[in-house]
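Peer 1: The lines below spell out each chain.
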Amino acid sequence: QKEVEQDPGPLSVPEGAIVSLNCTYSNSAFQYFMWYRQYSRKGPELLMYTYSSGNKEDGRFTAQVDKSSKYISLFIRDSQPSDSATYLCAAHSGGSNYKLTFGKGTLLTVNP
Amino acid sequence: GAVVSQHPSRVICKSGTSVKIECRSLDFQATTMFWYRQFPKQSLMLMATSNEGSKATYEQGVEKDKFLINHASLTLSTLTVTSAHPEDSSFYICSASRLTGGDEQYFGPGTRLTVT
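Order-wise, the sequence lines are chains Y and S.
One point on numbering: in my numbering, the residue at position 42 of the first sequence is 42, and numbering is uninterrupted.
One point on numbering: in my numbering, the residue at position 41 of the second sequence is 41, and numbering is uninterrupted.
One or more hints might be untrue.
[What the hints assert, rightly or not] For lysine to any residue, the following SDA-like pairs were computed, each having C-alpha atoms within a straight-line distance of at most 20 Å:
1) S:Lys41 / Y:Leu11
2) Y:Lys99 / S:Ser43
3) Y:Lys2 / S:Lys41
4) Y:Lys104 / Y:Glu15
5) Y:Lys56 / S:Phe67
6) S:Lys41 / Y:Pro14
7) Y:Lys42 / S:Thr17
8) Y:Lys99 / S:Gln42
9) S:Lys41 / Y:Thr62
10) Y:Lys42 / S:His85
Derived from the structure by calculation, the hints contain no laboratory data.
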């Protein structure tokens with residue numbers, strides 16, 4: 001079992017829709033959780049960074065972490081065509097080990 | 001702030017030759033840099049972690065003699081793919097962080113390597 005599982009999609013939604021992206025993880029030591037956005041043939045861009053369980057909101061983006069169920073989510077409100085990209089979840093356990101473990105990424109297309 | 005560049009953005013080389021990829025932190029000092037490889041429709045796989053002035057730490061299954069990493073300054077790390085083969089063709093991405101050991105990582109735009 002991979003440490004971070006993510007449905008690769010693809011996911012296609014109309015403009016303005018609420019998008020829900022999800023990952024599960026198996027390593028109980030993970031404490032820090034991230035969502036990255038990656039456009040085609042580009043490097044990942046950090047969107048959200050959260051520690052432990054809870055919610056974090058930044059504009060149209062909300063990240064949720066539920067450590068009890070080892071479930072992490074990213075919600076995108078009022079989705080735009082420019083949100084079309086691959087979204088990668090990632091986690092690390094902190095301490096002296098900051099190695100990121102990535103999910104496979106979900107390809108999202110927002111149709112105008 | 002926190003901009004990371006990579007050079008070249010894409011490179012084509014013949015089998016058996018070596019290729020060097022540069023990763024630079026443009027507006028901050030990076031004590032730690034990471035090198036990843038990404039195959040099409042796959043996730044990023046960490047290859048190695050390097051701290052400035054120290055030898056790189058390679059992930060299991062990554063040949064250190066094939067993928068030479070040098071982190072000689074706080075703004076530059078290089079990855080040299082030696083004796084490249086077609087199966088080394090991939091998207092190589094570096095990231096950099098300010099603190100020793102990691103924390104928030106800022107990614108470069110990636111280098112597309114094609115070995116013919």
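Peer 1: Each hint: holds or not?
Peer 2: Structure-based check of each hint:
no., hint, result
1, S:Lys41 / Y:Leu11, "holds, 14 Å"
2, Y:Lys99 / S:Ser43, "holds, 14 Å"
3, Y:Lys2 / S:Lys41, "holds, 16 Å"
4, Y:Lys104 / Y:Glu15, "violated, 24 Å"
5, Y:Lys56 / S:Phe67, "violated, 38 Å"
6, S:Lys41 / Y:Pro14, "violated, 23 Å"
7, Y:Lys42 / S:Thr17, "violated, 25 Å"
8, Y:Lys99 / S:Gln42, "holds, 18 Å"
9, S:Lys41 / Y:Thr62, "violated, 25 Å"
10, Y:Lys42 / S:His85, "violated, 23 Å"
The structure fails hints 4, 5, 6, 7, 9, 10 (numbered hints given earlier, in ascending order).
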